[in-house]
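If you read the protein sequences in the order shown, they are chains A and B. Per the numbering used here, the very first residue in the first sequence carries number 29; after that it's consecutive. Per the numbering used here, the very first residue in the second sequence carries number 16; after that it's consecutive.
Possibly wrong hints are sitting among the right ones.
[Claimed, not checked] Not the full set, but computed from the structure, chain B residues with beta-carbon under 10 angstroms of chain A: (1) L76; (2) M79; (3) R84; (4) T85; (5) G92; (6) V96; (7) A114; (8) I117; (9) Q119; (10) S120; (11) N129; (12) S145; (13) D164; (14) L167; (15) Y185.
[Claimed, not checked] With a cut-off of at most 27 angstroms between alpha-carbon atoms, the simulated DSSO-like pairs for lysine-lysine come out as follows: (16) K141(B) with K148(A); (17) K115(B) with K148(A); (18) K192(B) with K147(A); (19) K47(B) with K147(A).
Hints listed in this document are in silico derivations from the structure and should not be mistaken for laboratory results. Everything numeric in this text was worked out from a predicted model, so none of it was measured. From the three backbone atoms N, C-alpha and C, an ideal C-beta is built for every residue, glycine too.
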Amino acid sequence: MSLPSVLLVEDYPASVLVGTMMLEHLGYTVETASSGPEAIEKVSAANKPFMAILMDVQMPGMDGFEAMRLIRELEREKGCRNTIIAVTAQALAGDRERCLAAGMDDYISKPISPAILEKKMAALAKAINA
Amino acid sequence: MKDSTWTTADLDARVAERTAELVITNEQLNNKLASCRLNAQELSKTAAAAKEANKAMTLFLGDMSHELRTPLNAIIGFSDVIQSELFGAAGNSKYVEYAKDINQSGIYLLRLTNDLLDVSRIQAGKLTLSEENFDLSSAIDASLRLLRDEALARRVVLSLDIPGDLPFMYADQTRIKQIFINLISNAIKFTPANGTVKIGASVLPDGAIRVVVADTGIGIAPDDLLKVYERYGQVANSLTRANEGAGLGLPLAKALTEQHGGKLEIDSAVGRGTTISVTFPASLGVSRKAVS
């Protein structure tokens, strides 16, 4: 059985590295995309949904919300569903509601805390195995 | 009859005289009106320019804070990985200590950056509250927990005096915590080793909710106290520089309190310490029974 995979969408290389390190340490397979279009490509090419897509909200060009909407469209065609988690730098209460209202499944604020990441990923992994 | 003729001529003359006077006055008024219109035009132009400049500044601050936070988040993340020795021992315990310092400095900078963005949001009238019911004493506890290490490092004692029956609040929880964190963090920063920072909370007879942060720190001079009450612009210019590193915490706490319809008051004396109280209107209180 292959390890659950996570797609990390993030434009800032150093943050990609930190995120990848944390996720791999937790035992997940990590794929990365440095932009919205690249993320859509990865989702389109994948033969099964990712356990989670960590989606940076603020990216140059296509932002995380737009990328999420396009992935949701793709999902309707493919008949699957990814758990998309918004990653935003604005750790404000209002942002959480904004993310969920826009169609995100969850929300993590930057800087990503290893403890919170572990908890969220473990809950998702458990749901998959259940 | 002669009298009456005379009177008519006299009246005519006076009417003519008055008319001439009125024409002059009218002309003067017209001139004034024109210059007022010109002034108004100038003023509205200036106001529009100021508004534009303010908007540009807010946009710039927003962009800048994103640019600042992006690398900061990476710095905080990497130092977190090192200090927790995620991939094995760092080899020398000093490296772990350094990573901790990098991490804490990064978090401090991030907080400052976020404060800066908030001030720009408030100035632009763009800060909106997202209210919910929450447990006030838990919010105070959570704020304290975040600052316990800082207090420990500075050997400042944190003492808590909160009644068990403190009500819930209907307010923006994140913002209320931000007020507490800013006030307590400032209190710790300006209190010398072995000093005490006391955090108290109470409900006033009229139902208003008051949270008090009192320190035994260096205090604020009366002149600076006035500045604290002024808008951020002046505060940012002078106060923060005088008290290097004070950040925007106090004016931000004040603005956030006021955004909730509350009031922030400072009582301070140099060398004796500072007591800051924030009082929220009774309407924000929610009885524990109503929530449970």
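Status of the hints after comparison with the structure:
1. L76: Check failed: Cβ of L76(B) comes no nearer than 13 angstroms to chain A, outside 10 angstroms.
2. M79: Hint on M79(B): violated, closest Cβ of chain A at ~13 angstroms, above 10 angstroms.
3. R84: holds, 5 angstroms
4. T85: Holds, because the Cβ-Cβ distance from T85(B) to chain A comes to roughly 5 angstroms (cut-off 10 angstroms).
5. G92: holds, 4 angstroms
6. V96: holds, 6 angstroms
7. A114: violated, 13 angstroms
8. I117: violated, 12 angstroms
9. Q119: Since the shortest Cβ distance to chain A is 13 angstroms, the answer is violated.
10. S120: violated, 13 angstroms
11. N129: holds, 7 angstroms
12. S145: holds, 4 angstroms
13. D164: Status violated, d = 15 angstroms.
14. L167: violated, 20 angstroms
15. Y185: violated, 13 angstroms
16. K141(B) with K148(A): At roughly 32 angstroms apart (the allowed maximum being 27 angstroms), K148(A) and K141(B) break the hint.
17. K115(B) with K148(A): Roughly 24 angstroms between the alpha carbons, so the hint for K115(B) and K148(A) holds.
18. K192(B) with K147(A): Given pair K192(B), K147(A) holds - Cα atoms ~23 angstroms apart, limit 27 angstroms.
19. K47(B) with K147(A): violated, 72 angstroms
When held up to the earlier numbered hints, the structure conflicts with 1, 2, 7, 8, 9, 10, 13, 14, 15, 16, 19 and fits the remainder.
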